[in-house]
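Just so you know, the sequences run in chain order A and B. Under the working numbering, the first residue of the first sequence is numbered 3, with each subsequent residue one higher. Under the working numbering, the first residue of the second sequence is numbered 375, with each subsequent residue one higher.
Worth flagging that the hints you see were computed from the coordinates, not collected in a lab. Treat the hints with care, since some could be wrong.
Said to hold, decoys possible - Covered by chain A, according to a simulated footprint, are these stretches of chain B (three or more residues, beta-carbon under 8 Å):
#1 401-411
#2 470-479
Unchecked claim - If you anchor each label on the Cβ, the simulated ranges turn out as follows:
#3 B:478 x A:153: 27 to 35 Å
#4 B:438 x A:103: 47 to 55 Å
#5 B:455 x A:52: 47 to 55 Å
#6 A:24 x B:429: 47 to 55 Å
#7 A:177 x B:478: 15 to 23 Å
#8 B:478 x A:135: 15 to 23 Å
#9 B:425 x A:131: 40 to 48 Å
#10 B:479 x A:135: 18 to 26 Å
#11 B:514 x A:101: 20 to 28 Å
#12 B:422 x A:49: 34 to 42 Å
#13 A:60 x B:459: 53 to 61 Å
#14 B:423 x A:101: 19 to 27 Å
Even for Gly, the Cβ is constructed at its ideal location relative to N, Cα and C.
This is what each chain is made of:
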Amino acid sequence: MRINGRNRLACKTLIKDLDISKPIYVEAIKGLPLEKDLIVDMEPFFQSYREIQPFLVASSTPKDGKERIQSVAQRARFDDTTKCILCAACTSSCPVFWTDGQYFGPAAIVNAHRFIFDSRDEGAQVRLDILNDREGVWRCRTTFNCTEACPRGIQVTKAIAEVKNAILRGKADVPAA
Amino acid sequence: MTSQAGSGTVAAPRIPAPQRPVGTLYRGREGMWSWVLHRITGTAIYFFLLVHILDTSLVRVSSEAYDAVISTYKNPIMGLGEAGLVVAIVFHAMNGLRIILVDFWPWATRHQRLLFWIVVGVWVVLLAGFLPRHLMVVFGGEG
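All chains should be built: construct the whole structure from the sequences, respecting the hints.
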């Protein structure tokens with residue numbers, strides 16, 4: 003929800019943190035079709051999310067046991083982007099997304115990042131190919147609105163930059179162990 | 375609710391209707407405004423280049439035609455336009471370097487806000503060197 007012109011979670015924004023000497027503006031998030039009042043159609047947002055394959059892609063079964071072992075460094079590589087709660091604060095704060103609804107948007111790229119840099123995943127190249135598109139990461143203009151808006155403190159623009167660099171290098175720099 | 379308030383059974387709360395703008399402007403920070411400025415300066419430079427290519431290509435027509443057109447630029451309005459052009463180009467160049475750093479250097483991605491103010495600082499310093507001299511030439515005859 004847009005509160006006083008910035009995307010925030012309405013459930014975590016306290017009146018005491020707002021200036022109550024002036025009217026408080028509560029508006030629907032921008033860039034998604036308005037249904038009524040504060041309700042928007044989130045379908046385009048989730049459509050982009052589904053397109054980047056937000057699930058573990060693995061062809062093999064884990065060696066002797068149920069777990070796919072991962073080192074601390076390997077887990078830490080994508081820790082930041084596991085925090086996403088799909089609230090759409092980032093995507094609907096993005097000036098590019100406001101005018102170009104075809105853009106995947108920060109949230110989809112963050113969730114792609116979460117698997118691209120996961121040492122257990124084998125679908126990185128597929129996701130990099132999906133995002134190597136004029137409506138993919140190259141639409142990002144580094145305005146940092148997404149990073150400022152994220153209620154989980156995810157460094158969204160940094161994650162997008164890492165995906166851009168992974169596409170340029172042709173592979174994601176995942177720690178070996 | 376409204377009928378009750380109208381009949382006077384409930385004291386109508388005195389909340390003045392806010393003078394609502396047509397939606398608030400999104401309150402982005404340095405990153406968003408640097409992008410807005412980058413767009414505006416970029417578009418301005420584009421239109422200058424369009425004219426610049428046309429006037430320079432007049433050399434191919436005849437050097438007299440080129441000189442005639444260029445001499446019409448020597449007036450205060452075009453002088454201010456040149457000042458505006460330099461203002462736009464210096465910002466666009468400095469912020470362009472910032473964007474390259476933000477894209478390729480993780481430290482810069484974290485400190486983009488500091489980098490923006492450095493860009494503004496360099497912008498102001500360079501223009502402080504250029505604008506007084508230029509405006510003296512434009513408005514002070516032969517300077």
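Verification of the hints:
1. 401-411: holds (count 8)
2. 470-479: Three-residue rule met by the stretch 470-479 of chain B, so holds; n is 4.
3. B:478 x A:153: 27 to 35 Å: holds (28 Å)
4. B:438 x A:103: 47 to 55 Å: holds (53 Å)
5. B:455 x A:52: 47 to 55 Å: About 51 Å separates the Cβ atoms of residue 455 of chain B and residue 52 of chain A, which means 47 to 55 Å holds.
6. A:24 x B:429: 47 to 55 Å: holds (51 Å)
7. A:177 x B:478: 15 to 23 Å: Since the Cβ atoms of residue 177 of chain A and residue 478 of chain B sit about 20 Å apart, the hinted range of 15 to 23 Å holds.
8. B:478 x A:135: 15 to 23 Å: Since the Cβ atoms of residue 478 of chain B and residue 135 of chain A sit about 20 Å apart, the hinted range of 15 to 23 Å holds.
9. B:425 x A:131: 40 to 48 Å: holds (42 Å)
10. B:479 x A:135: 18 to 26 Å: Holds, since residue 479 of chain B and residue 135 of chain A (Cβ atoms, about 24 Å apart) stay within the stated range.
11. B:514 x A:101: 20 to 28 Å: violated (45 Å)
12. B:422 x A:49: 34 to 42 Å: Taking Cβ atoms as reference, residue 422 of chain B and residue 49 of chain A lie about 41 Å apart, which means the hint holds.
13. A:60 x B:459: 53 to 61 Å: Holds, at about 56 Å.
14. B:423 x A:101: 19 to 27 Å: Once the Cβ atoms are compared, 24 Å apart, the range 19 to 27 Å for residue 101 of chain A and residue 423 of chain B holds.
Hint violations for this structure: number 11 only, all remaining hints satisfied.
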